[in-house]
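Generate coordinates for the entire structure from the input sequences, incorporating the hints supplied.
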Amino acid sequence: MIIGLTGAIGAGKSTVSAIFSDMGFSVIDCDAISHGLDVQPEYINAVRKEFGDGVIDISCGTARVSRKELAEIAFSSAEAKKRLEAIAHPIILGVVYERINAAKAFGRDIVIDAPLLFEAGLDRACDVTVGVTASEEIRRERAIRRGGISAENIERRISLQPKSDYYVSKCDYIINNDGSENELKTKISAFISEMKKGGADDK
Numbered sequence: 495m496i497i498g499l500t501g502a503i504g505a506g507k508s509t510v511s512a513i514f515s516d517m518g519f520s521v522i523d524c525d526a527i528s529h530g531l532d533v534q535p536e537y538i539n540a541v542r543k544e545f546g547d548g549v550i551d552i553s554c555g556t557a558r559v560s561r562k563e564l565a566e567i568a569f570s571s572a573e574a575k576k577r578l579e580a581i582a583h584p585i586i587l588g589v590v591y592e593r594i595n596a597a598k599a600f601g602r603d604i605v606i607d608a609p610l611l612f613e614a615g616l617d618r619a620c621d622v623t624v625g626v627t628a629s630e631e632i633r634r635e636r637a638i639r640r641g642g643i644s645a646e647n648i649e650r651r652i653s654l655q656p657k658s659d660y661y662v663s664k665c666d667y668i669i670n671n672d673g674s675e676n677e678l679k680t681k682i683s684a685f686i687s688e689m690k691k692g693g694a695d696d697k
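Sequence positions in the sequence shown follow the working numbering and run 495 to 697.
For the record, the hints were derived by calculation from the structure and aren't laboratory data.
Quick caveat: nothing in here was measured; it's all calculated off a predicted structure.
Treat the hints with care, since some could be wrong.
Below, a list of computed lysine-lysine pairs in the DSSO-like style, where the Cα atoms sit at most 30 Å apart [claimed, not checked]:
1) K562 / K657
2) K679 / K691
3) K543 / K576
4) K598 / K543
5) K575 / K664
6) K664 / K576
7) K598 / K657
8) K690 / K664
9) K664 / K679
10) K681 / K598
11) K691 / K598
12) K598 / K562
13) K681 / K657
14) K681 / K664
15) K575 / K543
16) K679 / K657
17) K598 / K679
18) K679 / K690
19) K543 / K562
20) K690 / K575
21) K691 / K681
22) K576 / K562
23) K657 / K576
24) K562 / K575
Following this line, the structure appears as C-alpha cells:
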C-alpha cells in the first residue's frame, strides 16, 4: 500500500508522518529530499540560472543553495514559487520513485510525505491520499514555535498555500489535527482500520 500524505505549513504533517513511521511504514520525506538538493551541481546551476547568484552560498568554500535566500524569493509570489517547483519537482520525483521501488522490494507499506503531492503528480503513485488539516491560527502558532522562518515568511507561505477546503476536495481521507497528539494517533489508527476494511472516506 502506498499512502500519499500532504498538508500545509503547521498542519502537523511531519508529526503524522513520524507516527506512520513508528507503526512500521517506510516514509519517503520529500522535504528531506528537497533539502538534499542544495549541494547537487545540477540543481545549483539551474537555481542560479533562474534566480541569480544571490541564492548561492559559497562561504564554506563549496557552492550550495542558500535555502533562506531562495525562500525569500521563491515565496514572494505564486509565479516565483512555480518557477522553483519546475526546477525541483523532476529531480525529487526521480528520487521518490527510486525509493518506492526499494521499499516495494522489501514488501514495505509506504507513506509519501509531500507538501505538494498533487502539484508534483505524486498522487498518481498512491493507493490513497491523506490530507492533514488544522485551523489557520493553530498552523501559524506551530510554525512560529518551530522557528527557523521569520513571521513575515510564515505569513507569505500561508497566503500562497491552499486552504483546508483544497485538501478536503482533493484527498481521499482527511485527518484534522487541531487537537492533541494522542487524539491524532487515535485518528491515524482509525484510518488504518478503515483501510484494512477496504475503504477510505472521511471527508
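Status of each hint after checking the structure:
1. K562 / K657: 24 Å, holds
2. K679 / K691: 19 Å, holds
3. K543 / K576: 15 Å, holds
4. K598 / K543: Not OK: K598 and K543 at ~37 Å, beyond 30 Å, violated.
5. K575 / K664: 21 Å, holds
6. K664 / K576: Holds. K664 to K576 sits at ~20 Å (cutoff 30 Å).
7. K598 / K657: Since the Cα atoms of K598 and K657 sit roughly 33 Å apart, the hinted pair is violated (cutoff 30 Å).
8. K690 / K664: 22 Å, holds
9. K664 / K679: 23 Å, holds
10. K681 / K598: 26 Å, holds
11. K691 / K598: Holds. K691 to K598 sits at ~22 Å (cutoff 30 Å).
12. K598 / K562: 35 Å, violated
13. K681 / K657: Distance ~21 Å between K681 and K657 Cα, so the pair holds.
14. K681 / K664: Cα-Cα ~19 Å, so holds.
15. K575 / K543: 15 Å, holds
16. K679 / K657: The hint holds at about 23 Å.
17. K598 / K679: 25 Å, holds
18. K679 / K690: 17 Å, holds
19. K543 / K562: Roughly 17 Å separates the two Cα atoms, so the pair holds.
20. K690 / K575: Roughly 38 Å separates the two Cα atoms, so the pair is violated.
21. K691 / K681: 15 Å, holds
22. K576 / K562: 17 Å, holds
23. K657 / K576: 18 Å, holds
24. K562 / K575: Holds. K562 to K575 sits at ~14 Å (cutoff 30 Å).
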